[in-house]
Amino acid sequence: MVSVVPLEQAIWAALDDVKDPEIPQISVVDLGVVHRVEVGPGRVRVELLPTFIGCPAVDLMRVAVEERLRDFAPSVEATITFAEPWTSDRITERGRRHLREGGFAPPARGTGDDSPSASLPVFPVVACPYCGSLHTTLENAFGPTLCRAIHHCADCRQPFESFKTV
Amino acid sequence: MTASETKPRRATRALLTPDLPRFDAGDLDDATRAALAELLLTMADDEFVLGFWDSEWTGIAPMLEEDVAFSSMAQDEIGHARLLYEMLAQLTGTDADAIAFGRQPGEYRHCRLLDHPRTDWAFSVARRWLYDTADAVRLNALRHSTFAPLAEIVGKIRREEAYHLMHMDIWVRRLAGGGEEPRRRFERALARLWPDALTVFAPLASELRLIEAGILSTSMAELADRQVEQLTAILSSVGITIPGPRPSPAGGRDRATVSDSFRWLWTEFTMVHRLEEGATW
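Residue numbers (the numbering used here), protein chains in the order written: chain Z, 1 to 166; chain C, 1 to 281.
Hints in this document: simulated from the structure, not taken from any laboratory. If you're wondering where the values come from, they're calculated on a predicted model, not measured in any experiment. In this text, a Cβ means the ideal position worked out from N, Cα and C, and glycines have one as well. A few of these clues could be false.
[As the list claims (entries may be wrong)] To list a few chain C residues with every Cβ distance to chain Z over 10 Å, as calculated: (1) 52; (2) 79; (3) 82; (4) 92; (5) 138; (6) 149; (7) 173; (8) 194; (9) 213; (10) 219; (11) 234; (12) 250; (13) 275.
[Stated by the list, open to error] Cβ-Cβ distance ranges computed for the label pairs, FRET-style: (14) 260/C - 94/Z: 52 to 60 Å; (15) 38/Z - 278/C: 44 to 52 Å; (16) 9/Z - 140/C: 28 to 36 Å; (17) 7/Z - 234/C: 53 to 61 Å; (18) 260/C - 8/Z: 57 to 65 Å; (19) 188/C - 92/Z: 46 to 54 Å; (20) 271/C - 72/Z: 22 to 30 Å; (21) 70/Z - 21/C: 18 to 26 Å; (22) 275/C - 84/Z: 35 to 43 Å.
[To be verified] So, partial list: chain C residues that the calculated Cβ filter (under 10 Å) puts toward chain Z: (23) 21; (24) 25; (25) 26; (26) 28; (27) 66; (28) 71; (29) 75; (30) 77; (31) 80; (32) 81; (33) 152; (34) 156; (35) 163; (36) 166.
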């Protein structure tokens, strides 16, 4: 007899193969978008938290999750939930490292305060992913995708992107 | 190679495929349901129309950074509209695509502030600032809504809107303090928009029901007061006086006559839908 727990663990491991289509260095697990995995007789259900509401990658992630888990159960369903807001604090330590390795500065740590202004360090000082310098400036709070901002490093003179603090 | 790379991808989804978790609104009585539907429609139409106006800057904004920023904010607003239309569609047993694209121009309930065309940069900044600050007041009045699905998405929307607020605040200061021409253009834009500045808070037919049900925390009139207070404080901090007496929000969502500018925008954003109903893109 196979107990439920190893299956759930296998599902989490499989989900780690599913990458963010816009930042393929990071998996949906490390990004913190997997809210819950539910395993029942003949079925697997995964709830995902969207990073940004208008993010087109959310649909792609949902489809990719369903495809990756297809062999785990006859019925596999990935759904979106807003049960709690996704915040950039949900990105794991390993995810932050993968972001850096991919040339993205990880987001600043949130304050845990729920008010919209307090939850954002308005001009977060992020470390340059190339040289580690904190001598960086925010060039644009908006970047090539909804979750990315553009910075410049005064030391290595590189423009770089960060994952937005939200 | 992972399994996901070897399997065929599902067909492309339509812009407005349901993304919202199913919710149970069975315990709402008919009057409350109708009141909530009106609120959702006005909010969705506001976000939708502003999203389309500001996406007009894609490719032609005065600087590359703003091209990216306005396109990004427009994408956020369309995303918010999509969720709100889906919520409305679930609540009323209709279809989000049909609500978003299938109505005649006179049936849209966005506020008159959003009837104006994009005009020049200062005008688009002034309009977005007036809207974003008003929207923040409205969202704040919904964050503890007793209608949980709405409170949940409002929690998420507010985090995204914080970036819009920050960005527009920078621009207001930049234009107001940026020398004679930017300031003159900004003041001219404010003066033109002022009569419509509070139309986000046009009273809703059944807002009393919303307040009684705890869906909305207080009346639109009270929210308009908060907005006037907020605008006065920000403008005085940059040395600009309020452009005129307090405008009335009454009738701010009535569309007895459709403005030429909105008719043009409607023609643009419904084009694909009208060419082939049910198309996905």
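Evaluated hints:
no., hint, result
1, 52, "holds (13 Å)"
2, 79, "violated (2 Å)"
3, 82, "violated (7 Å)"
4, 92, "holds (20 Å)"
5, 138, "holds (13 Å)"
6, 149, "violated (8 Å)"
7, 173, "holds (13 Å)"
8, 194, "holds (26 Å)"
9, 213, "holds (20 Å)"
10, 219, "holds (23 Å)"
11, 234, "holds (14 Å)"
12, 250, "holds (29 Å)"
13, 275, "holds (22 Å)"
14, 260/C - 94/Z: 52 to 60 Å, "holds (55 Å)"
15, 38/Z - 278/C: 44 to 52 Å, "violated (33 Å)"
16, 9/Z - 140/C: 28 to 36 Å, "violated (42 Å)"
17, 7/Z - 234/C: 53 to 61 Å, "holds (55 Å)"
18, 260/C - 8/Z: 57 to 65 Å, "holds (59 Å)"
19, 188/C - 92/Z: 46 to 54 Å, "holds (50 Å)"
20, 271/C - 72/Z: 22 to 30 Å, "violated (43 Å)"
21, 70/Z - 21/C: 18 to 26 Å, "holds (22 Å)"
22, 275/C - 84/Z: 35 to 43 Å, "holds (40 Å)"
23, 21, "holds (5 Å)"
24, 25, "violated (15 Å)"
25, 26, "violated (19 Å)"
26, 28, "violated (19 Å)"
27, 66, "holds (9 Å)"
28, 71, "holds (8 Å)"
29, 75, "holds (5 Å)"
30, 77, "holds (8 Å)"
31, 80, "holds (6 Å)"
32, 81, "holds (9 Å)"
33, 152, "holds (4 Å)"
34, 156, "holds (4 Å)"
35, 163, "holds (6 Å)"
36, 166, "holds (6 Å)"
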